[in-house]
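A.B. asks: Sequence:
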Amino acid sequence: MAEALQKLILDTLDAHSEIKDTRFLVIPGQSTPATSNEDQISILGALNSLSSRDMIAYETHEVSSHVLTAEGDLIVKDGSHEARVWSVLPAKGQGAPLTPVQLKKQVGDETAKVGQGRAFKNGWIGKEGDGLVKLTADIKDVTKIDLEEIASTGTLKSGEKVLADLRKRKLITQKKGQWFTVRKGKDFSTSTAKPETDLTVDMLTSGSWKNSTFKKYNFEAAGIPTSGGALHPLLKVREEIRNIFLEMGFAEMPTSSFVESGFWCFDALFVPQQHPARDLQDTFYISDPKHALPPEPEYYKRVSEVHEHGGFDSMGYRAPWSDEESNKLLLRTHTTASSAHMLYKLAAKLRGEKVEGDIEEFTHGAESTTAPAKGDDFKPAKLFSIDRVFRNETMDATHLAEFHQVEGVVADRGLTLAALIGFMRVFFSKMGIERVRFKPAYNPYTEPSLEIFAFHPMLDRWVEVGNSGMFRPEMLEPMGFPKDVRVYGWGLSLERPTMIRYGINNIRTLVGHKVSIEGIENSPAVMF
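With this note's numbering as the guide, the letters of the sequence shown map in order to residues 22 to 549.
For the record, the hints were derived by calculation from the structure and aren't laboratory data. Treat the hints loosely; a few may be bogus.
To be verified - Derived lysine-lysine pairs resembling DSS-like cross-links, with alpha carbons at most 27 Å apart: (1) 98 / 125; (2) 148 / 182; (3) 165 / 142; (4) 237 / 257; (5) 98 / 191; (6) 98 / 142; (7) 125 / 207; (8) 205 / 215; (9) 207 / 28; (10) 215 / 196; (11) 28 / 165; (12) 161 / 125; (13) 349 / 366; (14) 182 / 322; (15) 189 / 134; (16) 161 / 113; (17) 196 / 142; (18) 237 / 207; (19) 322 / 311; (20) 231 / 257; (21) 196 / 41; (22) 182 / 207; (23) 134 / 161; (24) 142 / 191; (25) 165 / 148; (26) 142 / 161; (27) 257 / 322; (28) 148 / 113; (29) 161 / 148; (30) 126 / 191; (31) 189 / 178; (32) 165 / 215.
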């Protein structure tokens, strides 16, 4: 159809040099001229296609017309409301007048209501007693005559005032249309074959390119704007949090070990081997290989003994110790496993033992809050990490099986729980989160322990964003720390502060297949 219409336009131009009015074209497959708006829309599509190849040029002409509504069509068929009221009434003095109730039964409620008033206004009917009668022997139904003219021509010679009245009465509606004047373009041709846009290998091999017409290359056309890469909101918030830690004098811990042993992830933190966090329902275990290399034997022995028999002023868990449970490999459930590694190295350095890696780079920036004793080589440490952890969680609006944890520890003498709370308030205020509160909690490796909550304005409720507490002596003293060295630590979610900052109420729209790429590109930089 489209190609046949293009061919009709080109052949007509070839014969007459110009098409003055496309309403006089007869579209292929039709027997009447293209006067309808639908026909002109089809013609416009063909004109745009030809114009894009510079084969024709055209001008658009707007036209306004009127069409009858369903009520208007009924008046053309049966007469106007006022004429129908007049027709059923008896002439004055020649019969019993019709009461309004009788009139409604004769012509219907709507016709009686509308026609009665207009018939009175025209002087066609009048009152006689309690009823209505004709006052004239004959009438001219102007409304019907006007609508018949509009139905055939789309307009009315009597003028806009009458048209406005008919529109007000909802007997007609205005319809806008268009028609076109068409002329030859600079590349006019009667052929509708589209020019080639690419020179292909097949054309070169067969030689068909010699007889092909190619579309001209527009060197002035602007290319598609390139879209540069965009940082995910999580990466933006991660960098902001990292800068806060560095500004506060922390050193970043290495956290490249996604796979950890049960010993470093749980045992070294004084988490009992019977704890539910170590169940398959909460932790992802590795099937191949199943077992980790053993830790340093003396440290391993001290940890196992404090679990099974107690020590360091603790009675322990008094539960059987399993080497197999300790040597299992798993996807780490928290980055506190990395903190345990670093604290062990810090304590080993304090005992004068050789440790893998240089622990000095993690302690040179921290200053102790108490005066060191004579001959004391202990140096305080402020360590942090931001990395991925894995838990066998059921996914919902605020939980994923894989997420990021912001981990931090401070080791020094004289630390208290009040110092931890004060630090967390300062830390979150630097993130722009002022509404923070704490709730007592239980953790196997911290005592006392606190859950940290922040207010989420989109969810209109308090959301848990982390956990914190003072590390237990049963964890620190087997590592070799003196009794007066205290360590407090915390683990925060990276996703939940990001959701609060960006007004996201479902974590599954922050990461995963539901993420909006456009949203990532347009997300503002976070400024705490």
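A.B. asks: Does each hint fit the structure? Answer for all of them.
C.D. replies: Checked hints:
1. Straight-line distance between C-alpha atoms of residue 98 and residue 125 comes to about 20 Å, which keeps the hinted pair within the 27 Å bound.
2. As the CA atoms of residue 148 and residue 182 are separated by approximately 30 Å, the hinted pair breaks the 27 Å bound.
3. Using a Cα cut-off of 27 Å, the hinted pair residue 165 and residue 142 holds, with the two alpha carbons roughly 17 Å apart.
4. Between residue 237 and residue 257 the alpha-carbon distance is near 46 Å, which puts this suggested pair outside the 27 Å criterion.
5. Annotation: proposed proximity of residue 98 to residue 191 holds, straight-line Cα distance about 16 Å (limit 27 Å).
6. For a cut-off of 27 Å, the pair hint linking residue 98 to residue 142 stands: about 23 Å separates their Cα positions.
7. Distance hint between residue 125 and residue 207 is unfulfilled; the C-alpha atoms sit about 69 Å from each other, more than 27 Å.
8. The straight-line distance between the Cα atoms of residue 205 and residue 215 is roughly 17 Å, inside the 27 Å bound, and the hint therefore holds.
9. For the suggested pair residue 207 and residue 28, the alpha carbons sit about 17 Å apart, so the restraint of at most 27 Å is met.
10. At most 27 Å may separate the alpha-carbon atoms for a hinted pair to count; residue 215 and residue 196 exceed this at roughly 35 Å.
11. Taking the CA atoms of residue 28 and residue 165, the gap is near 43 Å; set against the 27 Å cutoff, the hint is violated.
12. Of the pairs offered as hints, the one joining residue 161 and residue 125 holds, with about 23 Å between alpha carbons and a cut-off of 27 Å not exceeded.
13. Between residue 349 and residue 366 the CA atoms are separated by roughly 22 Å; this keeps the pair inside 27 Å, and the hint holds.
14. Restraint check: the Cα-Cα separation between residue 182 and residue 322 comes to about 104 Å, which exceeds 27 Å; the hinted pair is violated.
15. A distance of roughly 16 Å separates the Cα atoms of residue 189 and residue 134; the hinted pair therefore holds under the 27 Å criterion.
16. Restraint check: the Cα-Cα separation between residue 161 and residue 113 comes to about 19 Å, which is no more than 27 Å; the hinted pair holds.
17. Distance check on the hinted pair: residue 196 and residue 142 sit about 30 Å apart at the alpha-carbon level, beyond 27 Å; violated.
18. Proximity of residue 237 to residue 207 is assessed by CA-CA distance (about 13 Å); at most 27 Å being required, the pair is judged to hold.
19. For the suggested pair residue 322 and residue 311, the alpha carbons sit about 21 Å apart, so the restraint of at most 27 Å is met.
20. Straight-line distance between C-alpha atoms of residue 231 and residue 257 comes to about 56 Å, which puts the hinted pair past the 27 Å bound.
21. This hinted pair checks out: residue 196 and residue 41 have alpha carbons roughly 22 Å apart, not beyond 27 Å.
22. The straight-line distance between the Cα atoms of residue 182 and residue 207 is roughly 46 Å, outside the 27 Å bound, and the hint therefore fails.
23. For the suggested pair residue 134 and residue 161, the alpha carbons sit about 20 Å apart, so the restraint of at most 27 Å is met.
24. Annotation: proposed proximity of residue 142 to residue 191 holds, straight-line Cα distance about 19 Å (limit 27 Å).
25. For the hint pairing residue 165 with residue 148, the CA-to-CA distance comes to about 25 Å; that is within 27 Å, so the pair holds.
26. At most 27 Å may separate the alpha-carbon atoms for a hinted pair to count; residue 142 and residue 161 meet this at roughly 14 Å.
27. Using a Cα cut-off of 27 Å, the hinted pair residue 257 and residue 322 is violated, with the two alpha carbons roughly 43 Å apart.
28. Between residue 148 and residue 113 the CA atoms are separated by roughly 9 Å; this keeps the pair inside 27 Å, and the hint holds.
29. Distance check on the hinted pair: residue 161 and residue 148 sit about 21 Å apart at the alpha-carbon level, within 27 Å; holds.
30. Of the supplied pair hints, the one linking residue 126 and residue 191 holds, its CA atoms being roughly 24 Å apart against a limit of 27 Å.
31. For the suggested pair residue 189 and residue 178, the alpha carbons sit about 18 Å apart, so the restraint of at most 27 Å is met.
32. Taken as a hint, the residue 165 and residue 215 pair is broken in the structure, with Cα atoms around 52 Å apart against an allowance of 27 Å.
The structure is inconsistent with the numbered hints 2, 4, 7, 10, 11, 14, 17, 20, 22, 27 and 32, although it conforms to all the rest.
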